[in-house]
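**Student:** The hints should help you fit chain B onto chain A, whose structure is shown.
Quick note, the sequences are listed as chains A and B, same order.
Count the first sequence with numbering that gives the first Met the number 0 and you get residues 0 to 471, in order.
Count the second sequence with numbering that gives the first Met the number 0 and you get residues 0 to 329, in order.
Hint data in this document are derived by calculation from the structure and do not stem from the laboratory.
Treat the numbers as computed from the prediction; the structure is a model and nothing was measured.
There may be inaccurate statements among the hints.
Stated by the list, open to error - Here are the simulated EDC-like pairs of lysine to aspartate or glutamate, each with C-alpha atoms no more than 20 Å apart in a straight line: (1) B:K290 to A:D353; (2) B:K246 to A:D356; (3) B:K149 to B:D71; (4) B:K290 to A:D356; (5) A:K3 to A:D72; (6) B:K290 to B:E253; (7) B:K138 to B:D164; (8) B:K246 to A:E328; (9) B:K149 to A:E328; (10) B:K20 to A:E32; (11) B:K247 to A:D356; (12) A:K293 to A:D272; (13) B:K290 to A:D351; (14) B:K83 to A:E289; (15) B:K20 to A:D64; (16) B:K247 to A:E328; (17) B:K20 to A:D36; (18) B:K283 to A:D351; (19) B:K290 to A:D359; (20) B:K246 to A:D353; (21) A:K464 to B:E192; (22) B:K74 to A:E289; (23) B:K221 to B:E48; (24) A:K13 to B:D195; (25) B:K242 to A:E54; (26) B:K20 to A:D31; (27) B:K246 to A:D351; (28) A:K202 to A:D123; (29) A:K202 to A:E158; (30) B:K20 to A:D60; (31) A:K214 to A:E133; (32) B:K20 to A:E57; (33) B:K247 to A:E54; (34) B:K242 to B:E213; (35) B:K283 to A:D353; (36) B:K242 to A:E57; (37) B:K242 to A:D353.
Each chain, written out:
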Amino acid sequence: MQKKILEFANLLRKSGIRVSVAEALDAFAALDELSLDEREVFRDALRSSMVKRSEDIESYDQLFDLFWSGFYDNLRESFGAAAQGLSGQLDLEALLRAVQEGMANLDPGEVDLSELARALLTQDLSQLEKLIREAAEAAGVSRIENLLQIGFFSRRIMERMNAEGAGQELRDLAARLQAAGMSQAEAEALQGLIERLMEALRKAVRNLTERELQKQNFDYMERFRRETLIEKSFYHLTEEEVRQMREVVSRLAQRIKNILSIRRRRLQKGKLDLHQTLRRNMARGGVPFELSFKQRKKDRPKLVILCDVSSSVANVSRFMLQFVYSLQEAFTKIRSFVFVAELGEVTPVFRDNDISDAIDKALDGGDVINVYTRSNFGYAFHSFWQNFLSAVDKRTTVLVLGDARNNYNDPRAWCLRDVHHKAKNLVWLNPESPGAWGFGDSVMDKYLPYCDVAEECRNLRQLSKVVDRLVL
Amino acid sequence: MFESIDNVQSRLRECGYVCGKNISTVVFLAERLEKPVLVEGPAGVGKTELAKVVATATGRDLIRLQCYEGLDEAKALYEWEYSKQLLYTQILKEKFSEAMAGTRTLREAADRIGSEDNIFFSERFIVPRPLLRAITAKKPTLLLVDEVDKSDPEFEAFLLEVLSDFQVSVPEVGTFTAAHRPLVFLTSNDAREMTDALKRRCLHLYIDFPSEEEERRILDVKIPGIEQRLADELVGVMQRLRKLDLKKTPSISETLDWARALLALHATELDDGLVRDTLNVILKYEGDIRKAQSELGRLIVRKAEEKRPEPAAGAAPPAAPAPPKKGTLH
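Just chain A, with the same shape it has in the complex (with noise of 0.2 Å):
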């Protein structure tokens, strides 16, 4: 049991649920407390002890399923189709009492049956299970890697523990014992039991191989799953994979708030308040145990977002504005423009809506910006520059999210240079990667002068790299 908790445990670490060793011990005294005989207890309990976080319950219990099969289900349910199979008005329980019978009357020395053999003909099903597993094992089926192989691996498996050998011996037997006198009806039915049996056997192996086949690549599937959805890049992103990534979006913004947070609660000592100090020792005659400092100002970040929704970078945009739309969720101060050439400001919008009725509204046409034209970066800093230079002081951080191809407009980088004096920081998170930065119709290297920071911000995982170094 052990050995295959420990087994289960690697299987899951596999597939990227972390299980120290710790929490594999912790598994084992769970197991000792209670009586297994329920699945779904002896489930919750590796759960508990092994599984930490709620995002992986449902692979662990895929998981759990695969590994905890029900493989020796499936393998009562084919024998028990074997046995069902009987012909006549003979049962299996008398066919099996007239074999003993026949066999007992039999020289001992010619029935000696091999392992398998009486497993199969007595139908020891946990028998049957360990001989299977270790044919299994020895066969080396845990490399399997793909559809193709599974032939090939049950195959091998079955000469492992010499099954046709098996069924020899068992037709030897039936044989044997018919020319020892049973009657032609039970011989015949024995006969078919035992080619039955092989037959189950057979299954039984092949969808053991099935399931391995499954267990090793769940990891591989879910790992492919997730990591693309992180490596992969904004522009090919289907609309139903940005709604799938909403949520890691939020989270990214609530990281960002997290972080500004702390900052805070660092800067919180300040020089000593003596009023208070003195107010709050009265109780102590004025000796002062408990001191109080001067609260720092708190200094609340602003936050400016202007966000590229052209058509060059449609789900980028699509993408970008739920994360914008999650800051908004997580800061007070917080104004969000969107432009193409036209500049629109969309915080209401964002404010009103909830997050996919808000986006549909920022991006269709009309609504707040017309999105149909070529984009225009100098003309959207110039119109921000008129209208809302004001939005911008000493504690605001502009974050400008766009690919800077201006269609070869003029570029106004002094609107920037403006926007950048003013503010505290300017960062230009960028899709394009900074290579192509100042090539074609980019006037990234225009901009650059002007930005405290520049980045790539191609995919998830670049993203969250950002947000992690980011200073607001």
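**Tutor:** Relative to the frame of chain A, chain B by itself:
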């Protein structure tokens, strides 16, 4: 001590808490293995309630530590009671002079005070906070660390130390070791992920929204007066509401609130108007309410329509007087 998992279930049930096998298994193991339990799940599914009920069912004293940003050791573990110390010095002034009598040099006087200073740093002047209370308690206790995700990471590290061996040392006094290991429940709403170190030391329990059947049983236990049909409909609506994409998904506590509100309105069945008027009991955001209202038709499924019970002459249902006017709740 619980005898078995079923025993956990039935004893919690006696205290008015309906739970499935998953919860009772973890509670059982927590007591057997003496391990803390980290309970996670959406708000309002009964995480805190679980701890309280387990305390009642096992006859332990409940000691609660509510976490918040900025919670520190002084508020969680112990504090010196300065005012009391000061007061004692004032009162004992005369005694001091007596004790000092006969000392000639300052050094001698200071030495003599020094030999007595442990009277001021003794248990007498310690204000125990929840953690120390749980450790020094004479009776077995249950320590509930509520909303541990709201605390700061530094506090989490400190908590870890306490939870690993239930032993606290106060430099001036010495080390306190728990006579009875308290049963510990930590609850978290996932505002931030707890560190692996903490998670490793705990059993993990995730309480999700209940299934329809479970919710129905909870409703029966918690609100005994409710009519079966109303309860069925209500649970149905809640289950369908949870499938909508809402900002704040209503949970069990909202179901119970709603049931109580409907009882107060003497409602016997749900209809569009009633649901519309009372939606603000279960949904807490304007946007959510609007969304739910637009989906109202799909939320209320009239499965009772065809088999409306005839008012039997013998067993007339309690004649609930129809409310004069279905007022809106605020």
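**Student:** Work down the list of hints and note, for each, if the structure agrees.
**Tutor:** Structure-based check of all given hints:
1. Annotation: proposed proximity of B:K290 to A:D353 holds, straight-line Cα distance about 10 Å (limit 20 Å).
2. Proposed proximity of B:K246 and A:D356 is supported: the alpha carbons are some 13 Å apart, at most 20 Å.
3. Distance check on the hinted pair: B:K149 and B:D71 sit about 12 Å apart at the alpha-carbon level, within 20 Å; holds.
4. Between the alpha carbons of B:K290 and A:D356 the distance comes to roughly 11 Å, so the proposed pair stays at or under 20 Å and holds.
5. About 18 Å separates the Cα atoms of A:K3 and A:D72, which keeps this hinted pair within 20 Å; it holds.
6. Distance hint between B:K290 and B:E253 is fulfilled; the C-alpha atoms sit about 17 Å from each other, no more than 20 Å.
7. About 18 Å separates the Cα atoms of B:K138 and B:D164, which keeps this hinted pair within 20 Å; it holds.
8. Of the supplied pair hints, the one linking B:K246 and A:E328 holds, its CA atoms being roughly 11 Å apart against a limit of 20 Å.
9. Pair hint B:K149 plus A:E328 holds up; C-alpha atoms about 18 Å apart against a cutoff of 20 Å.
10. For a cut-off of 20 Å, the pair hint linking B:K20 to A:E32 stands: about 15 Å separates their Cα positions.
11. Annotation: proposed proximity of B:K247 to A:D356 holds, straight-line Cα distance about 17 Å (limit 20 Å).
12. Distance hint between A:K293 and A:D272 is fulfilled; the C-alpha atoms sit about 5 Å from each other, no more than 20 Å.
13. Between B:K290 and A:D351 the CA atoms are separated by roughly 13 Å; this keeps the pair inside 20 Å, and the hint holds.
14. Proposed proximity of B:K83 and A:E289 is supported: the alpha carbons are some 14 Å apart, at most 20 Å.
15. Distance restraint check for B:K20 and A:D64: the Cα-Cα separation of roughly 18 Å lies within the 20 Å cut-off, and the hinted pair is therefore satisfied.
16. With a C-alpha separation of about 13 Å, the suggested pair B:K247 and A:E328 falls inside the 20 Å cut-off, and the hint holds.
17. As the CA atoms of B:K20 and A:D36 are separated by approximately 14 Å, the hinted pair is consistent with the 20 Å bound.
18. Between B:K283 and A:D351 the alpha-carbon distance is near 14 Å, which keeps this suggested pair within the 20 Å criterion.
19. Distance restraint check for B:K290 and A:D359: the Cα-Cα separation of roughly 16 Å lies within the 20 Å cut-off, and the hinted pair is therefore satisfied.
20. Under the criterion of a C-alpha separation no larger than 20 Å, the hint pairing B:K246 with A:D353 is consistent with the structure, at around 8 Å.
21. Restraint check for A:K464 and B:E192: satisfied, since their Cα atoms lie roughly 18 Å apart, inside the 20 Å limit.
22. With a CA separation close to 14 Å, the supplied pair B:K74 and A:E289 stays within the 20 Å bound.
23. For the given pair, B:K221 sits about 13 Å from B:E48 by alpha-carbon distance, which is consistent with the 20 Å threshold.
24. Proposed proximity of A:K13 and B:D195 is supported: the alpha carbons are some 18 Å apart, at most 20 Å.
25. Among the hinted pairs, B:K242 with A:E54 is consistent with the structure: their alpha-carbon atoms are about 19 Å apart, no more than 20 Å.
26. Annotation: proposed proximity of B:K20 to A:D31 holds, straight-line Cα distance about 18 Å (limit 20 Å).
27. A hinted pair counts as satisfied when its Cα atoms are at most 20 Å apart, and B:K246 with A:D351 qualifies at roughly 12 Å.
28. For a cut-off of 20 Å, the pair hint linking A:K202 to A:D123 stands: about 16 Å separates their Cα positions.
29. With a CA separation close to 14 Å, the supplied pair A:K202 and A:E158 stays within the 20 Å bound.
30. Between B:K20 and A:D60 the CA atoms are separated by roughly 15 Å; this keeps the pair inside 20 Å, and the hint holds.
31. A threshold of 20 Å between alpha carbons decides the hint, and for A:K214 with A:E133 the separation of about 18 Å falls inside it, so the pair holds.
32. Of the pairs offered as hints, the one joining B:K20 and A:E57 holds, with about 17 Å between alpha carbons and a cut-off of 20 Å not exceeded.
33. Between the alpha carbons of B:K247 and A:E54 the distance comes to roughly 19 Å, so the proposed pair stays at or under 20 Å and holds.
34. With a CA separation close to 17 Å, the supplied pair B:K242 and B:E213 stays within the 20 Å bound.
35. As the CA atoms of B:K283 and A:D353 are separated by approximately 14 Å, the hinted pair is consistent with the 20 Å bound.
36. Between B:K242 and A:E57 the alpha-carbon distance is near 18 Å, which keeps this suggested pair within the 20 Å criterion.
37. Simply put, B:K242 and A:D353 have alpha-carbon atoms about 16 Å apart, close enough for the 20 Å limit, and the pair holds.
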